[in-house]
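Peer 1: Here is what each chain is made of, one letter per residue.
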Amino acid sequence: MAGAKEVKTKIKSVQNTQKITSAMEMVAASKMRRAQERMQATRPYARKMREAIGHLAGANPDYIHPFLVQREEVKRVGYIILSSDRGLCGGLNINLFKTVVADMRQWNDKGVGADIVPFGSKGLSFFERIGAPITAELRDLGDRPELSQLIGPVKVLLDAYSEGRVDRVMLVGNRFVNTMTQRPEIRRLVPVEPVHDEEMPENWDYIYEPDAGSLLDDVLRRYVESQVYQGMAENIACEMAARMIAMKSATDNAADIINELQITYNKARQASITQELSEIVAGAEAV
Amino acid sequence: MSTLQVDIVSAEGELHSGTATMVIAPALEGDVGITPRHAPLLTRLRPGELRITEENGEEWFFYASGGVLEVQPHKVTVLADTAVRARDIDEAAALEAKRRAEEQLRQQKDDIDYGQVQAELAEAMAQLQALESLRKRVKR
Numbered sequence: 002m003a004g005a006k007e008v009k010t011k012i013k014s015v016q017n018t019q020k021i022t023s024a025m026e027m028v029a030a031s032k033m034r035r036a037q038e039r040m041q042a043t044r045p046y047a048r049k050m051r052e053a054i055g056h057l058a059g060a061n062p063d064y065i066h067p068f069l070v071q072r073e074e075v076k077r078v079g080y081i082i083l084s085s086d087r088g089l090c091g092g093l094n095i096n097l098f099k100t101v102v103a104d105m106r107q108w109n110d111k112g113v114g115a116d117i118v119p120f121g122s123k124g125l126s127f128f129e130r131i132g133a134p135i136t137a138e139l140r141d142l143g144d145r146p147e148l149s150q151l152i153g154p155v156k157v158l159l160d161a162y163s164e165g166r167v168d169r170v171m172l173v174g175n176r177f178v179n180t181m182t183q184r185p186e187i188r189r190l191v192p193v194e195p196v197h198d199e200e201m202p203e204n205w206d207y208i209y210e211p212d213a214g215s216l217l218d219d220v221l222r223r224y225v226e227s228q229v230y231q232g233m234a235e236n237i238a239c240e241m242a243a244r245m246i247a248m249k250s251a252t253d254n255a256a257d258i259i260n261e262l263q264i265t266y267n268k269a270r271q272a273s274i275t276q277e278l279s280e281i282v283a284g285a286e287a288v
Numbered sequence: 032m033s034t035l036q037v038d039i040v041s042a043e044g045e046l047h048s049g050t051a052t053m054v055i056a057p058a059l060e061g062d063v064g065i066t067p068r069h070a071p072l073l074t075r076l077r078p079g080e081l082r083i084t085e086e087n088g089e090e091w092f093f094y095a096s097g098g099v100l101e102v103q104p105h106k107v108t109v110l111a112d113t114a115v116r117a118r119d120i121d122e123a124a125a126l127e128a129k130r131r132a133e134e135q136l137r138q139q140k141d142d143i144d145y146g147q148v149q150a151e152l153a154e155a156m157a158q159l160q161a162l163e164s165l166r167k168r169v170k171r
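Chains A and B supply the protein sequences, listed in that same order. The first sequence begins at 2 in this note's numbering and counts up one residue at a time. The second sequence begins at 32 in this note's numbering and counts up one residue at a time.
For the record, the hints were derived by calculation from the structure and aren't laboratory data. The reader is advised that the hints may include incorrect statements.
[To be verified] The calculated DMTMM-like cross-link candidates involving lysine to aspartate or glutamate, where the alpha carbons are at most 20 Å apart (straight line), are: (1) A/Lys32 - B/Asp121; (2) B/Lys106 - A/Asp206; (3) B/Lys106 - A/Glu210; (4) B/Lys106 - B/Glu45; (5) A/Lys32 - A/Glu147; (6) B/Lys106 - A/Glu52.
Start from the sequences, fold in the hints, and give me the full structure.
Peer 2: Put into structure tokens, the structure is as follows:
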């Protein structure tokens, strides 16, 4: 009977794990719904902002803001990497980091270095481990990050850009395709990629109100903020979706293990009954 | 007749998307009226009322608390900080905000941020004004 008892304990323990994973799945599902709403709310603003800034980069202003100047020679690239604070979300973070590392390697072959600003403790620990130069970081963001939290670390890279220490700033984060699919994406933040409108003449420019200088500073600041904030909202929705899927498959796997163990337990129990019976019969015959 | 494509988005979501024959927006240095084939314009917005006239004569009112206005010959994009449809403005809340701001200005204590209170007051006034003009239209 000893074998059966051990199996019984094992089943109990797997059942407890299953309870935890299924609770986590449900928590992630409800958080995902809210995160998805926030993501969808921020998307149109970020998209329109990107369009407007794209037009702006295609214009020919008198005042030339450094964010709009395309630098021919790239000596160093800055990455803002959006990752999660917590694990147990499947391959979400590691897929993202792989994409970044591949991109960094490509630049590295051309002799271009990289500066990293990770958001989220998973990103920080990964890039610390591989020994990448980290210039700023941000952790413990929670489920609803405030814009004011994000500004500081982003500014570090933007200042480095303005001073010419980095020549490109990229924003890396997961894109929410649907609940099952999240795609790592690297987007250029500055310098701004110009969008050319065919209807517009060659040398057009905006009328600026008030003056171009202060207006462009303000608009470009809003642009960067909106892109980073939207990326963060999107990444959080991805994290919740990935966690939900990971926890769902963990729950399913636990159910499979329990089934197998149950069969082992039944066999062990049956074997001990058979043994006892044959012992009794043998004893009766001896008498 | 040519029309404009108008998109109003705020940080909280998309508010309006459609065509129009005229848009009146509260630019920083005075209201601007935009009709199709307007020259490209980029300006900041002050808190105030946005008015959109559609081809069929229907009018839409919005309230924006500030932001950026981008105009291309056939396209107007309003990137508002926060914006609401005029009929969704909570009048009681706007009146309360106005009263509070005025109160603070009257007290003139040293520790209040004068500029911020004034901005709050302007915002509440603009909301009420947008509501007011919406009412007038409805009556007519």
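Peer 1: Go through the numbered hints given earlier and state which of them the structure violates, listing their numbers in rising order.
Peer 2: Hint check: 1 fails alone, others pass.
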